[in-house]
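Those protein sequences? They're chains A and B, same order as listed. Going by UniProt numbering, the residue at position 390 of the first sequence is 390; the numbering climbs one at a time, nothing skipped. Going by UniProt numbering, the residue at position 152 of the second sequence is 152; the numbering climbs one at a time, nothing skipped.
What the hints contain is simulated information worked out from the structure, not anything from laboratory work. Mixed in with the good hints, there may be bad ones.
Derived, one-sided and incomplete: chain A residues facing chain B with beta-carbon distance under 7 Å [claimed, not checked]:
hint : residue
1    : Ala156
2    : Arg210
3    : Tyr431
Idealized CB from N, CA, C, for every residue including glycine.
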Amino acid sequence: MGKDIREDIAWAQINKDVLKSLENPKKLYWVILLIAIAMVGVAVGCEIYQYQTGMGVSNKSNSHVWSLYIATFIFWIGMSHSGTLLSAILHLMHADWRKPIYRFAEAMTTFSLMTAGLFVLVHLGRLWMVYYVMPYPNERWVWPNFQSPLVWDMFAIATYLSSSVIFLYVGMIPDLAICRDNIHAGWRKKLYTVLSLGWEGTDRQWRNFRITYLTIACFLIPLAVSVHSIVASDFAMSNMPGWHVTSFPPYFVAGALYSGCAAIITLFVILRYVFKFEEYMTLPIMRKLVRLTFAIAMVWTYLNLIEFSSVWYGHDQTAKDQLIFKATGPYAPYFWAMIFFGSILPLLLAFKRFQTHLPLLFVVSILLNVGMWLERWMIIGPSFAHGHYPWTWDHDQWPSLVQWGIVFGSFGWFTLLFMVFCKVFPSVSMYEVKEMVYHRTLALKNKPAVKGEH
Amino acid sequence: MSQRHLLALFNDFDEAVAAISELRAANIKGFDFDDLILKSPIEHPEVETVLGDRPIKVQWFTLAGACMGGLLAFTLVASAQANFFSQIKAGKPIVPLPPDFVLTYEMFILGGVFITILGFLICAGLPAKRSPLYSAKVSEDQIGILVKGDEAAVTAFKAIFTKHKALEIQEEAGK
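From just these sequences and the hints, can you work out the full model?
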């Protein structure tokens, strides 16, 4: 398997290549941006219509109170986890192949959390009452129930979002100093000057930077796990059939990592092409990423089987009925599509020849995320359609175009934020790529000479 | 006596390390080795070891921030729960520990992260005004050694830097 990165690549060249991405992307960049803006336009239009007309236009009902909004909320929360996996977990494990790709993965974390947050507001309906979401004791006599996982969710997501933004920013300071030193006068120069905080790369700064980065990475790992475990508790701690499963927290965490890894593959392919990052987002790195995704896909499949088995062999008849309803009722096509996209399709990733086939990986990674979105919908939709009491059953509910429009637009919103970020900030960590090159060069120097070599 | 600042730029990291070692051993009059500043484009623990033991205190901020965050969260949540008139408990524990642990844990992390950043900024001396002796090459591919010493020490500095193939030596009169 080739090298993750060339050891002979000049450091000045690394700066030049990455800085170029801030100025000259391919035309496709603008096409993607325009499509993203159009998608956001659809969502904004739908939201305005819903806001002015009322929540009824979303076609929610007493049974289907959560519907697509909360399913998509969970999808976006889940998407955020792989940024942490790549930047924090792999950082602690000294997996240096993560270095060229962790920055955009971390940005993905931040923007998917921001997108997820919007769904809480959209689901709320009455946007002017948004402060009611904040769980604080207040004079309105709306006392938060601190025993509720929904309140924990608020705390966990707010902590995760703010910590992720800080982690992304702190990790970027040395690169912002590079931008400050190389970008010509203008608003960008001013921005980088302010954001780089006067960084000069002194030993004092690096020493403290190293320990700070490590400490935040250590905090972020349990935080990321707790966030999705708490989101899983929103379901598992209720007695809704199909939700009251002990394995839900690890199942949610695995699903989150899975969808995030798939999204990283998609964005890897896009950035590599749009910003001409072939030197840094190399095929051997892609292969490692694909293998990681495959491993997580199998964990997810295993946890799915555990969930189904524990329901099937358990004594909760309602939960069993619910499982049969998912597999054979009106939701069956989506349920089986979830199984196909989530468990069968990733088997392709086990084959070496597909692990670096970028067009195929691009398509597969999108389909994996379709599967992961369906997973979230299959948790919410069928459970509300076929609950404990037959008089609450509503098998025929179908989300309105307004809901679909907002969900569709959220992908545009995420893409818009992400692409703007990649144009304004370096999406490849320059100093860490240099470190990678430096350490590999050192390793080569210290490598004992092969017999016959001089 | 007025002090002078010198910044020497090196292409070769080994030469920079050798120059630092020599500066340390040379016992130059009017030069305090602790004033030496290394400027590097990458995190470079190997080179930093030559500088000797320079303490890091960020972790103390982390400890304080995490403990304060956790304590504050538990206190606020527990005192809200203890308001019987607003939340009638009906036989349940007034301050239930397992659910409160979750919030305490989240705020423990939040406090830890926020105060770590504060500690980082304080310990790293950021934000700072960029020093006049700075080269953009340091953020690219060169390593810089910034020294401060008496007028008399400048010749010795220059000799050592030149011996170790410094690419450029910048000089500035200090206060």
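Hints and how they fare:
no., hint, verdict
1, Ala156, "holds (5 Å)"
2, Arg210, "holds (6 Å)"
3, Tyr431, "holds (5 Å)"
Every hint from the earlier list agrees with this structure, and none is contradicted.
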